[in-house]
Amino acid sequence: MDLAQLYRDMQAILPEMILAVTALLALILDFLTKCKKSYLACLSVAGISIAVISVWGIPTEGLAFSRLLHVDLFALLYKLVFLSAGAMVILISGDYLDVQNKRSGEYYVLVLLATLGMMVMAAAANFLTMYLGLELSSLCFYILCGLQTKDARSNEAALKYFVLGLMASAILIYGISLIYGATGSLSLIRIEKVLSGQPEGWKSIGLIAGMTLTLVGLSFKIAAVPFHMWAPDVYEGAPTPVAAFMSVGPKIAAFAALLRVLVALFPLSVQWGGIFAVISVLTMTVGNLLALRQESVKRMLAYSGIAHVGYALIGVVAGAYSKDIGLSSALLYFLMYFMANLGAFGVLAVLCRGGHTGETYEELKGLAANSPPAAFFMTIFIFSLLGIPPTGGFIGKLWVFAAAVKSDLMWLAAVGLVNALISTYYYLRVIVMMYMHEPEAEQPAPAASYMAYSALAIMAVVTVFMGANPRPFIELAQRSMAAII
Amino acid sequence: MAFLILAAIAVASAVMVVSVKNVVHSAFSLVVTLFSVGCLFILLRAEFLAATQILIYVGSIMILIIFALMLIDIKEANRQRRFHHQSKFVIGIGIILVIEIILFIIPRSEFIESPEKLIARTAEAGGNIQIIGQSLFTDFIFAFEFASIIILVAIVAAIFLGKQPTSIIKKSSVIKDSS
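Residue numbers (the numbering used here), protein chains in the order written: chain A, 1 to 485; chain B, 1001 to 1179.
Hint data in this document are derived by calculation from the structure and do not stem from the laboratory. It should be emphasised that the depicted structure is a prediction, and the values quoted were computed from it without experimental measurement. Hints are supplied without guarantee of correctness; some may be wrong.
Cβ-to-Cβ under 10 Å is the rule here; a few derived chain B residues that face chain A [to be verified]:
#	residue
1	Gly1059
2	Asp1139
3	Phe1142
4	Ala1147
5	Ala1154
6	Val1156
7	Ala1157
8	Phe1160
9	Lys1163
C-beta: ideal position from N, C-alpha, C; glycine also.
Please take these sequences and the hints and turn them into a complete structure.
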């Protein structure tokens, strides 16, 4: 390998390297200097900001590290999504960790490295790098879930996520090995070439079995029904900022990997289109119906997150018929969704203070009187999740449903629409609780710092901005999808 | 012939792992299984894989398992160890997997080189270990370095969980409560 090539490769992974260096620096500083933990938060956010800036300096085409990584617009877009999600999580988690007395240096290291893992997953051009990225981010999240080592629910969440996550990884690896057996390669580019070079009607049992198992493994990671059981329990037990990160980070990363795998396996689109049509309907319906019955807002958000995966999968099903429109609408859906969901969990994290977990509907009563900014931000996020214009969520839902209609999947769009109607009940319940009820008893006002509030404000502004001015984002999603097709 | 003997030993000891009553015995049967799989790799001329299989699985992972056995109450574990209601389910999955192997592995995929050709090519390029070393540090350098970050996370995680000595007691009492 010549040095010029190595230099170009290193340039292509500049954001990842900056992130890794920041994480190592945080680890060493925490260990050696016993500095104030809030400095580590600042360091991490600074590192992420530099990584975000460096994204603009790297090429937008090609492959790096002998075809292990893609350097394309798709990867760059996802890198920005994960970096901003990571920064927001660090900003909103400071107060929560202080309240729980759990501020530790490792937290920041793990959040940074989880972000790194997700970035590699979205850029993977090979099943090997995809799996390594997945494992890195999953390992970090197993520990982050169990951060509150003295809390039974947190322990339960960590253990449950660990055991089920390992099983999903095992299924994924088994599927990958069968695909390798059928096509002779782990490289997604090569697999696509081999498959599209085959005569019409060519099928291999191993390939179909491998594809199914790979999709099962990834469906677990995106929490699609029937592989969703872990999500509500894990989100409920995990510290709220971690739940916020988990509800967007690993899900979107696995979705990015899923899109790459589906593009590589496009010659089998009839098969995976059928699988995802069933999964999508189940995911939307089960997620929404179970969300109706929850008393804990955190669990409600977990189930509604499952339902959102179902909506995005409508785009994937449409992609089986019209590749371009369908898959790019699924990408756009998550682009529009992630800030709102992160923000909704973020408000819950802010509400956690002395003696209050801030997790049930009861505790949201009278929030508008108690803490107007928190209630206002929550309203914006809920509107976006609900899909009310002028928020990002509306554009996301509109495009996904439009993609289904354009691909002659009217029934699927109808199911999605009915589900969106069901979701109004539990989303509006949050708003009713906040604005139309008196506070039950004297509640201490949330003691969140300006850091958490500024993060919430940024997320709210971005959510509204994306909805009011969607054109650049739609074009970005289409162009990045076009880059990988 | 050597293959048949080794495969028979591997399968027989694998059955032992799940069927014997004593957990310690099943741990040692697992050693035999892993060792004979390692020998199968030698038959395939994959010396490096064989060495790693024996070093890592027979060596370190089995030691971990036996350490874990030392920490638990073996008599209690022996008593609780029978999976009554799961056995039918497990046998069902086993049959499905066997059918899958028959359907898939026996009609060989045309994309994989025949072993004879592969062995010849490997010998030409200077042997198994040299090829692995070369591709690890050229084609797969990113994956290789990235794996080191994963190991770093594992270390950080182990230290983080190990730092809190009180947590173990709480955890075990929690498990009793919930059951």
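Comparing the hints with the structure gives:
1. The closest approach between the C-beta of Gly1059/B and any C-beta of chain A is roughly 22 Å, which is over the 10 Å cut-off, so the hint fails.
2. Restraint check, Asp1139/B versus chain A: the minimum CB separation of about 4 Å is within 10 Å; hint holds.
3. Proximity of Phe1142/B to chain A holds as hinted, the smallest CB-CB distance being about 4 Å (cut-off 10 Å).
4. Contact between Ala1147/B and chain A, as hinted, is supported at the beta carbon level, the nearest pair being about 6 Å apart and thus within 10 Å.
5. Of the supplied interface hints, the one on Ala1154/B holds, with its beta-carbon coming within about 6 Å of a beta-carbon of chain A, less than 10 Å.
6. A hinted interface residue such as Val1156/B counts as satisfied when its beta carbon comes closer than 10 Å to some beta carbon of chain A; here the least separation is about 6 Å, so the hint holds.
7. Satisfaction of the interface hint for Ala1157/B is found here, the shortest Cβ-Cβ separation to chain A being roughly 4 Å, below the 10 Å cut-off.
8. Hint status for Phe1160/B: holds, given a least beta-carbon distance of 5 Å to chain A, under 10 Å.
9. For Lys1163/B, the interface hint holds, the least distance from its beta-carbon to any beta-carbon of chain A being 9 Å, beneath 10 Å.
Violation of the numbered hints given earlier is confined to hint 1; every other hint is satisfied by the structure.
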